[in-house]
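Novice: As a plain string of letters, each chain reads:
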Amino acid sequence: DTSLAEGNSFSPSMPISPSSMINQYKFEDEPELRDLFITVDDPESHITAIETFITYRVATKTSRGEFDSSEYEVRRRYQDFLWLKSKLEEAHPTLIIPPLPEKFIMKGMVERFSDEFIETRRKALHKFLNRIADHPTLTFNEDFKIFLTAQAWELSSHKKQGPGLLSRMGQTVRAVASSVRGGVKNRPEMFTEMNNYMETFSQKINVLDKIAHRIYKEEREYFSEMKEYGPIHTLWSASEEDIADSLKGVASCIDKCCKATEKRMAGLSENLLPILHEYVLYSEILMGVLKRRDQIQGELDSRVDALANKKTEKDLLSEEIGKLEDKVECANNALKADWDRWKQNMQCDMRSTFMNVAENNLRYYEECLATWESFLASQTVDLHVEEDSEDRP
Amino acid sequence: MEDCLAKKMEITVSEAEKRTGRNAMNMQETYTAYLIETRAVESQNEGQCAPVDSLWRRYSEFELLRNYLSVTYPHIVVPPLPEKRADFVWHKLSADNMDPDFVERRRIGLENFLLRVASHPVLCQDKMFYSFLTQEGGWKEMVNETGFQLKADSRLKALNATFRVKNPDKRFTELKHYSDELQSVISHLLRVRARVADRLYGVYKVHGNYGRVFSEWSAIEKEMGDGLQSAGHHMDVYAASIDDILEEEEHYADQLKEYLFYAEALRAVCRKHELMQYDLEMAAQDLTSKKQQCEELATGTVRTFSLKGMTSKLFGQETPEQREAKIKVLEEQIQEGEEQLKSKNLEGRDFVKSAWADIERFKEQKNHDLKEALISYAVMQISMCKKGIQVWTNAKECFSKM
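So the protein sequences, as listed, match chains A and B. Each step along the first sequence adds one to the number in full-length UniProt numbering, with nothing skipped, and position 116 is 116. Each step along the second sequence adds one to the number in full-length UniProt numbering, with nothing skipped, and position 95 is 95.
Excised from the complex, chain A in its bound form (with noise of 0.2 angstroms):
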């Protein structure tokens, strides 16, 4: 019965300890208290007869009670990581659940299984485990604890349990069934703010993530140009005399700024990219829970229309009615705290991305500008040398 989990962060199952209820209301910049570490590392293809796949080493340490063992280790390949998330998803139909990278890369002529699409991939796939990790809710999720821990034959066999295709599809049914535009006539202001501000945020999102790109692509081409500019220098040396060593300084700068630059370039693809990307994808769940919540309110707002009209089966309705209305408000308040949650750390990472593509271009121009310093010193000494070599008799 997933309905009931909303509302109740404690599964049944699990052993309310003093431990697990700190590690409840734990903030993501209070890393001490963090009690499981997630790595994904080590990838390796796999090659059968029908298929060719990736698998990722999942490596889990943990002093939580609730496992077995203090240290795991595990491989997991991406269909495994899709169904984590529909798990999830279901499990928490109003909860942000974090971002996959995508099957396919359509932009770009990214072989499916490039290095550098591998590691991509990988990169994420670490951040979505670790933002799970993070997540007060999600991450005593019992399928959680079954993706890190069992071996493949046991997740093979758990996958197979559980509620089956018919019933989600009858679920998906009813919930298209309450109505298309369900739950926008009674929906609480917060959440048409909520849905405005994410129409907003994610257009934005999208045009950052563009400009990004496109400043990458800039600098590539800056780098590429660069690389022959300064061994021209070294070339005229060669033909000259007294301005042979002024030349080779410059040559020697430029191809110091022009190593500069790939650092440079390389910060940008390691942090600022892979985040935009990240939220690009972020605002789409996020416009996906919002109808998911407006879903279960349209579910109610069914219900409460069908009471009005009709006269038999009262009670029944009546009873039904209050399900739903716990339902809706368990939904609420789950959307409500991970909205707040997500919008603090959107902030974060936000702030510490930005502060470090700050950080990335200081560090270059700080580089350049120390080398043609130093050239120019060099130079007027010469000058000063020339100078007092004249003066003399």
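Source of the hints: derived by calculation from the structure; they are not laboratory data. Computed from a predicted model, the values in this text were never measured in an experiment. Even glycine gets a Cβ: it sits at the ideal position worked out from N, Cα and C. Treat the hints with care, since some could be wrong.
Have a look at the derived ranges for each label pair, beta carbon to beta carbon [unchecked claim]:
(1) S374(A) - M27(B): 55 to 63 angstroms
(2) R220(A) - K222(B): 44 to 52 angstroms
(3) A158(B) - R220(A): 45 to 53 angstroms
(4) S374(A) - A50(B): 44 to 52 angstroms
(5) K222(B) - E116(A): 32 to 40 angstroms
(6) E241(A) - P100(B): 38 to 46 angstroms
(7) R220(A) - Q125(B): 52 to 60 angstroms
(8) S224(A) - M142(B): 52 to 60 angstroms
Could you slot chain B onto chain A? The hints should help.
Specialist: Chain B in isolation, oriented as in the chain A frame:
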């Protein structure tokens, strides 16, 4: 330091103006005229400012002056003119001759040309140059009347000499190679610099897109709003800063371009030497063969194959009187030839001496100017880095307030 014109006279090309007129084929044309202002430099004692004289000249007149100087002083490395058409442009600059930025840079280049000529120990004393600066009307006609065009060597003749000369002065051969290398390396450098400038422009300008997005985003944020908005402003400043940076760099490129064109002037001096040397070699060869002919006629021995010899064998020898007459003619020619050879030799040696003196002067000037140019490039880079540091420091602070 010699007392060159530049020390006695202030010369500026102060203005440029668009004009329309009729060309040689009576068709309407648009051209730019440049205002040359001159003023005598007053000594300290007098303390009064001399009046400014001025006249207008167009580019073609500058070209005429330079051609005149090149032909009249072939042993001098004549300063080059700024380019006729915009070359090595990156996308922002237009290749249009009427573009105000191009015209402005050309104005500076023309002024630089006049100052170079005025500070050259030999060229500054030229009368045509002086009247170019001071005599408004009839200057073109006066220059053409000197008949300098007749003295100009044909390109074909020069090319022929380059290929056939046997013993050019080694130093000139080396100089020729150097000037080829200089030309090739500077044009390569300028091409790549233009591409780098283009890319740098792109990087800076794309950052300008941040401003608007941050501003629009800040509208929906409460705590982040201020930080975003002010950071966006700094991104706009960053994007705008590239325009001045690249304009300054353009002046640096112009300095390099001058020496690109100077390489051509160096080549011209080398070519002249090759021509003179070839001329000398031809004259010496001619003299030798005449002497040989004379000897053969006098002694009756045929040492070298000649058609005359063959025909005389076939159709009988000449009469002694005929032979005497021939010998006499040859002896006169040989006498003339020896005098000519002597004077050509002298000319050649004088040319080499004076050319080499100017080349040494040029080398020093070049080393000084290029070193300064490289230093100024470093200064520009430093300034650009400092501006970047300032902007990103400000931006970082804004981001920290988000």
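Novice: Confirm or reject each hint.
Specialist: A quick look at each hint next to the structure:
| no. | hint | in the structure |
| --- | --- | --- |
| 1 | S374(A) - M27(B): 55 to 63 angstroms | holds, 58 angstroms |
| 2 | R220(A) - K222(B): 44 to 52 angstroms | violated, 36 angstroms |
| 3 | A158(B) - R220(A): 45 to 53 angstroms | holds, 48 angstroms |
| 4 | S374(A) - A50(B): 44 to 52 angstroms | holds, 47 angstroms |
| 5 | K222(B) - E116(A): 32 to 40 angstroms | holds, 38 angstroms |
| 6 | E241(A) - P100(B): 38 to 46 angstroms | holds, 40 angstroms |
| 7 | R220(A) - Q125(B): 52 to 60 angstroms | holds, 56 angstroms |
| 8 | S224(A) - M142(B): 52 to 60 angstroms | holds, 55 angstroms |
Going down the numbered hints, you'll see the structure goes against just number 2.
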